[in-house]
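**Q** Protein chains in written order, with the working numbering: chain C, 729 to 1177; chain S, 362 to 756.
Honestly, the hints are just simulated from the structure, not real lab data. Wrong hints could be hidden among the right ones.
Claimed, not checked - DMTMM-like, lysine to aspartate or glutamate: derived pairs with alpha carbons at most 25 angstroms apart: (1) C:Lys1150 to C:Glu1140; (2) C:Lys737 to C:Asp1166; (3) C:Lys818 to S:Asp571; (4) S:Lys660 to S:Asp645; (5) C:Lys930 to S:Asp496; (6) S:Lys695 to C:Glu819; (7) C:Lys1000 to C:Glu1019; (8) C:Lys888 to S:Asp672; (9) C:Lys930 to C:Asp943; (10) C:Lys818 to S:Asp455; (11) C:Lys887 to S:Asp672; (12) C:Lys818 to S:Glu642; (13) C:Lys903 to S:Glu709; (14) C:Lys1150 to S:Glu724; (15) S:Lys387 to S:Asp496; (16) S:Lys451 to S:Glu384; (17) C:Lys915 to S:Glu712; (18) C:Lys806 to S:Glu709.
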Amino acid sequence: MNAATPVAKRANRLDTASLNNRMVNEYWTSVFNAKKKGRLVCWYEGVAINPLMQAADVSWVHGEAWSALLAARNNEVKPQQAAENRGYLKELCSYARTHIGCGVMAQRREEQDSGTFADALAGGQLAERVPVPDFFISAYPYCSTGQQWDEMLFRLFGKKVPVFNISIPWVWGNKPDARYLSGAEFKEATQFIVRQLRECIKFIESRTGRRYDFDKLCEIMAYTKEAGRLRMEAMALCRAKPAPASFFDWTTSLAPVNFVAGGPAIVDYFRKVKEEIEVRIAAGVGTVPREKYRLFWDGIMNWNKIGWLANKFAGMDAAMVAGRYTHMGFWHEHECIDVKDPLEGMAINYLVCPINLSAPLMVEQIVRLCREYQIDGLVLHAARTCRAFSNPQFLIAEAVQKQLGLPVAMIEGDMVDESFYKDELINSRVEAMLEAADSRLRRGITAFA
Amino acid sequence: MSDLRGAHVAFDTFRQAAERPLESAKRWKDEHGMKVVGSFPMHFPGELAHAAGTLPVILQEADTPVTVGHGMIFPFYCGFTRSVVDQACKGEFDFLDAIMFGDHCVQVLGAADIVRSKLPNTRVHFYQLISAMSDPWSRARARATFADLKVGLEELIGRSIDDASIRSSIRLFNRNRTLLRELYDLRRSGRAFITAHQMQMVVQSSMVMDKATHTALLERLLTELRTEVCGPQRGTRVYLSGHFCQAPKPAVLALVEECGGIVVDDDLYHGQRYISTDVDEEGDPLDALAEWYLARNLKVPCPTRVDQNADWEGYLVAAMDRSKAEGMIVLMAKFCEPHMYYYPEIKEAFEARGIPHLLIETEHEMSTLEALRTRIETFLEIVRRQRTQPRRAIA
């Protein structure tokens, strides 16, 4: 047996996670009820533009979030098979494949009523019951897959459901003044997105036939900003040793800053999360029973493996304290949001999401986080069908090894296609990385500035 | 093909440049003492780099195995991306004075970052073209990107590029495309027998050679082909579709012909896609290039773009009719996401019309040629049998 095989230790997950689950269920329940209540439904991919829809009283289905939910609730196989039957190959983005599979199933659907979310969940029918779209909005940063995904849905629905594209430029940096959040190119890109958001609002108005409520958008963004602030503060508290919460906790807490409706509930949620963390710090309680290693997770999440992975690393005495996915996105630049005129702040957050920075800027942020969280090693999850996340991983690995001397483990998996997950390979690679981390710890190389 | 001397000389020159593009560019640099600008396929306006007095070279997938590059890129990327990363890691791009990217495929973006990190002393710039083609701001955005590219080129050469030079380059590139299209016409109509590999070499060499030299050779080749009397060709008329950034392997092309196919037309990037559209020679050249960028997607729709006004599958059905092709072979580079997204649309359209087509997934390291032979032979046999039967459309 491999020495790194998980032992009986289990991760000490945050209790407040149950509140998140409740919010997620309530949100999807409202989506399933949307048409009955006369609300239009928008399918969209990419960055969190849901506040735009919420202010117009439109319901929204975020493709990635929906696919992740299907995987987390073991409902992903049917839509994936439906997509494959239509000719979509397995190497395509599994989020897209799963979501498009729902679109394929919708073409065969005779009964347009979605029924309730609870019934669909109980019957394993989430994929075929999701409300069909009245329009699409594509707002994908970096990854070309995003726009094509929506284009294919547009074609799948017979070109009858209108689509609006928001093109988000990659933050590359041709000019010498290009820095994180600054430089002429960044400012120009921000304004380009703002102009498109304004056009998108007009598009939404044209679909609803109602005047857009910009004040409501400001109100929603005020809650979103506050939730973002509390989340970042709560995550920063996890610099404590032992770390009171893990990357896995933060992945399960993404919904309120990604697709759940902006309002008092999301603020209250992160306030409670932060309080639980403060209590844990006071009591010296960690996210793993024995914290020997502090790790950083680079890459997207295996949505059907969150609990499994949390326990696996707990079994290795490793606290996964931070990650690119959670710490470098989802309103993390909340300070940029002007709640009286939020579009520019929204655009900035979209531009600096976890995949849209070119490697030098991204590496700079990851190195900073590794220092702040006193990281002992990196796990780089190469999601087989998410090249957007996998692209810079060799450069990240090279940089943290050279700049910080950190050992790394590259593992293979996927977001929502479990067949790409290779457990034994993960065990052996992580074991090797932890041995190297051990050697550093024995030499007293632990602290960063 | 012809036993005419001029044609042989031309084909031989095209072959050398297509097979060894970097050597060819290095030689040009040594001979002319001027700068060479590498670019990525598929939408880079070589006209601008040419007007800057540089040699624009579209970087190609190498025919060597990926070795060093494995340390920088995962194996689940398309062969073109892996090969380019490998070439950068091996120092093969070191002689380039600049690399300028423009395309947005997520795998190419990954390669751009790696190439920049491996070439710290080279100007590696990125000029992202808008990929949504039918939005109200698409044209203005494309123009702005080309304007930025022009500034980048001016910084590289240390002087400004005037409009007259750009128009002159546009005229030369248009002439080259026109001649290449004539070559396609000759093949499609059966007035010249040109193998798929020969055709590919002619187009591919145009991507890497000095355009004036290439055009002069092409003029010579066409002069001889126009007067040559070509006997009737026997075989099954095949249309090749797919393969974007990378050229199909010559062995795969040869296999189609060995199995009894005659390639009569294609929409390959190393084919019709590259030469489909000319740039307006009058007016503001940046406006003209922006117009060209949008127009070529309507001429030969590209799945890497989103365009509500274009239908690739409809284009292919019409192109099959136009070229009197009997079957279509789809060449899909393994892991090519844009192609994987669009393929079901083509599959459904062709099945609905009862048009035979065969999907072949290709890899950088093609190791299954014999298995492929069986599939192609079987496909062509099915196509031949269909000749005697009416097409059976699937409802």
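**Q** Indicate, hint by hint, whether the structure satisfies it.
**A** These are the hints, each one checked on the structure:
For the given pair, Lys1150 of chain C sits about 6 angstroms from Glu1140 of chain C by alpha-carbon distance, which is consistent with the 25 angstroms threshold. The suggested pairing of Lys737 of chain C with Asp1166 of chain C holds, with an alpha-carbon distance near 19 angstroms, which does not exceed 25 angstroms. This hinted pair does not check out: Lys818 of chain C and Asp571 of chain S have alpha carbons roughly 41 angstroms apart, beyond 25 angstroms. For the given pair, Lys660 of chain S sits about 22 angstroms from Asp645 of chain S by alpha-carbon distance, which is consistent with the 25 angstroms threshold.
Restraint check for Lys930 of chain C and Asp496 of chain S: satisfied, since their Cα atoms lie roughly 14 angstroms apart, inside the 25 angstroms limit. At roughly 9 angstroms between alpha-carbon atoms, Lys695 of chain S and Glu819 of chain C fall within 25 angstroms of each other, so this suggested pair holds. Proposed proximity of Lys1000 of chain C and Glu1019 of chain C is supported: the alpha carbons are some 24 angstroms apart, at most 25 angstroms. A hinted pair counts as satisfied when its Cα atoms are at most 25 angstroms apart, and Lys888 of chain C with Asp672 of chain S qualifies at roughly 15 angstroms.
At most 25 angstroms may separate the alpha-carbon atoms for a hinted pair to count; Lys930 of chain C and Asp943 of chain C meet this at roughly 15 angstroms. Taken as a hint, the Lys818 of chain C and Asp455 of chain S pair is broken in the structure, with Cα atoms around 37 angstroms apart against an allowance of 25 angstroms. Our distance criterion of 25 angstroms between C-alpha atoms is met by Lys887 of chain C and Asp672 of chain S, whose separation comes to about 11 angstroms. At roughly 45 angstroms between alpha-carbon atoms, Lys818 of chain C and Glu642 of chain S are farther apart than 25 angstroms, so this suggested pair is violated.
Between Lys903 of chain C and Glu709 of chain S, the direct Cα distance comes to roughly 46 angstroms. Violation of the 25 angstroms bound is thereby established for this hinted pair. Proximity of Lys1150 of chain C to Glu724 of chain S is assessed by CA-CA distance (about 23 angstroms); at most 25 angstroms being required, the pair is judged to hold. A distance of roughly 41 angstroms separates the Cα atoms of Lys387 of chain S and Asp496 of chain S; the hinted pair therefore is violated under the 25 angstroms criterion. Note on Lys451 of chain S and Glu384 of chain S: the hinted pairing holds, with a Cα-Cα distance of about 15 angstroms set against a maximum of 25 angstroms.
For the hint pairing Lys915 of chain C with Glu712 of chain S, the CA-to-CA distance comes to about 48 angstroms; that exceeds 25 angstroms, so the pair is violated. Only pairs whose Cα atoms come within 25 angstroms are accepted, and Lys806 of chain C paired with Glu709 of chain S is accepted, the gap being roughly 21 angstroms.
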